Structures are given as C-alpha cells and as structure tokens.
Amino acid sequence: MNRKLLFLIIASLFVCNACKRETKDEKFQRDFEQFTQKECPKFIDPCTRLDSACYDSESRTLNYYYSVQDLLDDEELYTEDLIESFHDNMLKELKGSIPLKGYKDEGITFCYIYRSMTTGKQLLELSFTKEDYGNR
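Under my numbering, the letters of the sequence shown match residues 1 to 136, in that order.
Be aware that one or more of the hints could be misleading.
Stated by the list, open to error - Here are the simulated EDC-like pairs of lysine to aspartate or glutamate, each with C-alpha atoms no more than 20 Å apart in a straight line:
1) K38 x D51
2) K92 x E131
3) K104 x D74
4) K95 x E125
5) K130 x D88
6) K101 x D132
7) K38 x D56
8) K95 x D132
9) K42 x E26
10) K42 x D73
11) K24 x D56
12) K121 x D74
13) K130 x E106
14) K104 x D132
15) K104 x D88
16) K104 x E58
17) K130 x D105
18) K121 x D70
19) K101 x E80
20) K27 x D56
21) K130 x D56
22) K27 x E39
23) K95 x E106
24) K27 x E58
25) K121 x E76
26) K95 x E131
27) K101 x E33
28) K101 x E26
To be verified - What follows is a list of derived Cβ distance ranges for each label pair:
29) T118 x T23: 38 to 44 Å
30) D56 x G134: 15 to 21 Å
31) Y78 x K42: 36 to 42 Å
32) T36 x D132: 20 to 26 Å
33) M117 x E93: 20 to 26 Å
Simulated from the structure, these hints should not be mistaken for lab results.
A quick note: this is a predicted structure, and the numbers were derived from the prediction, not measured.
Even for Gly, the Cβ is constructed at its ideal location relative to N, Cα and C.
Please model the entire structure based on the sequences and the hints provided.
As structure tokens, this is what we get:
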C-alpha cells in the first residue's frame with residue numbers, strides 16, 4: 001500500500017511539473033526582465049543609453065527604451081529625412097541580427113523608443129513587424 005501511495009505522489013509531481021512549462025511568450029518576458037536587470041542602463045554610444053527592454057506578450061512586441069543626450073538630445077534634429085535614414089539603418093541591423101533570430105522566427109514586433117534625457121519627451125519611435133524584417 002505504501003508503494004502505491006508513493007508512486008501516486010511521485011506521478012502527481014511529474015504531472016504538475018509538466019503543467020507548469022512556460023510558453024514562449026512567458027520565456028521571452030522572463031528573458032528581457034533578466035536582461036534589463038543585468039544589463040541596463042548602459043551606454044551603447046556616447047549619446048545613447050539603453051534604459052530597459054521588455055516583452056509585451058499581448059501584442060507580441062519587444063520594446064527597447066533608450067534615452068539620448070548631448071548632440072542627439074535636440075527635438076529639431078529629428079527631421080523626416082533623418083527619421084527615414086535611421087529607420088532604414090535600424091531595419092538593416094534587425095534583418096542581419098543573429099542574436100534576435102529566435103524572436104524574428106516567432107514573428108514578434110520590435111519597437112525602439114527614444115526619449116530626451118533632458119526633458120523626458122519622446123523623440124522617436126520605430127516599429128518593425130515580421131512583414132518589415134521577414135524574408136522577401
């Protein structure tokens with residue numbers, strides 16, 4: 001009788017653990033929470049600081065939040081031409097990014113948000129969907 005009870009308890013534990021497997025979206029969310037805790041904030045160049053990265057499972061969007069200072073912290077700098085050029089460069093980088101391949105394979109959206117360090121005002125937001133970065 002004790003063996004049967006022990007077997008049932010062990011089997012129940014295995015079944016419960018199988019039920020707790022995280023989804024890909026939950027994993028993405030956890031990965032970027034850990035990334036933000038370990039890596040942020042950090043300057044990626046003299047004018048740009050990556051403040052955080054978070055994954056929104058509802059919209060399936062990976063959001064990168066940046067702050068800019070010095071030369072880039074000027075609202076008048078963000079003309080249509082500059083934004084278009086920046087968009088094209090970011091898209092090229094995203095298409096060639098090997099570390100983001102797993103996320104791209106899942107078809108998530110990538111969003112890059114830039115704010116002024118001085119005013120806190122949003123200066124630029126760029127979003128890229130699978131249709132933008134996917135193979136054509």
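Hints versus structure:
no. : hint                   : in the structure
1   : K38 x D51              : holds, 11 Å
2   : K92 x E131             : holds, 13 Å
3   : K104 x D74             : violated, 32 Å
4   : K95 x E125             : holds, 18 Å
5   : K130 x D88             : holds, 15 Å
6   : K101 x D132            : holds, 14 Å
7   : K38 x D56              : holds, 19 Å
8   : K95 x D132             : holds, 9 Å
9   : K42 x E26              : violated, 25 Å
10  : K42 x D73              : holds, 17 Å
11  : K24 x D56              : holds, 12 Å
12  : K121 x D74             : holds, 10 Å
13  : K130 x E106            : holds, 9 Å
14  : K104 x D132            : holds, 11 Å
15  : K104 x D88             : holds, 17 Å
16  : K104 x E58             : holds, 16 Å
17  : K130 x D105            : holds, 9 Å
18  : K121 x D70             : holds, 15 Å
19  : K101 x E80             : violated, 29 Å
20  : K27 x D56              : holds, 11 Å
21  : K130 x D56             : holds, 16 Å
22  : K27 x E39              : holds, 18 Å
23  : K95 x E106             : holds, 14 Å
24  : K27 x E58              : holds, 14 Å
25  : K121 x E76             : holds, 13 Å
26  : K95 x E131             : holds, 11 Å
27  : K101 x E33             : holds, 19 Å
28  : K101 x E26             : holds, 17 Å
29  : T118 x T23: 38 to 44 Å : holds, 40 Å
30  : D56 x G134: 15 to 21 Å : holds, 20 Å
31  : Y78 x K42: 36 to 42 Å  : violated, 23 Å
32  : T36 x D132: 20 to 26 Å : holds, 24 Å
33  : M117 x E93: 20 to 26 Å : holds, 23 Å
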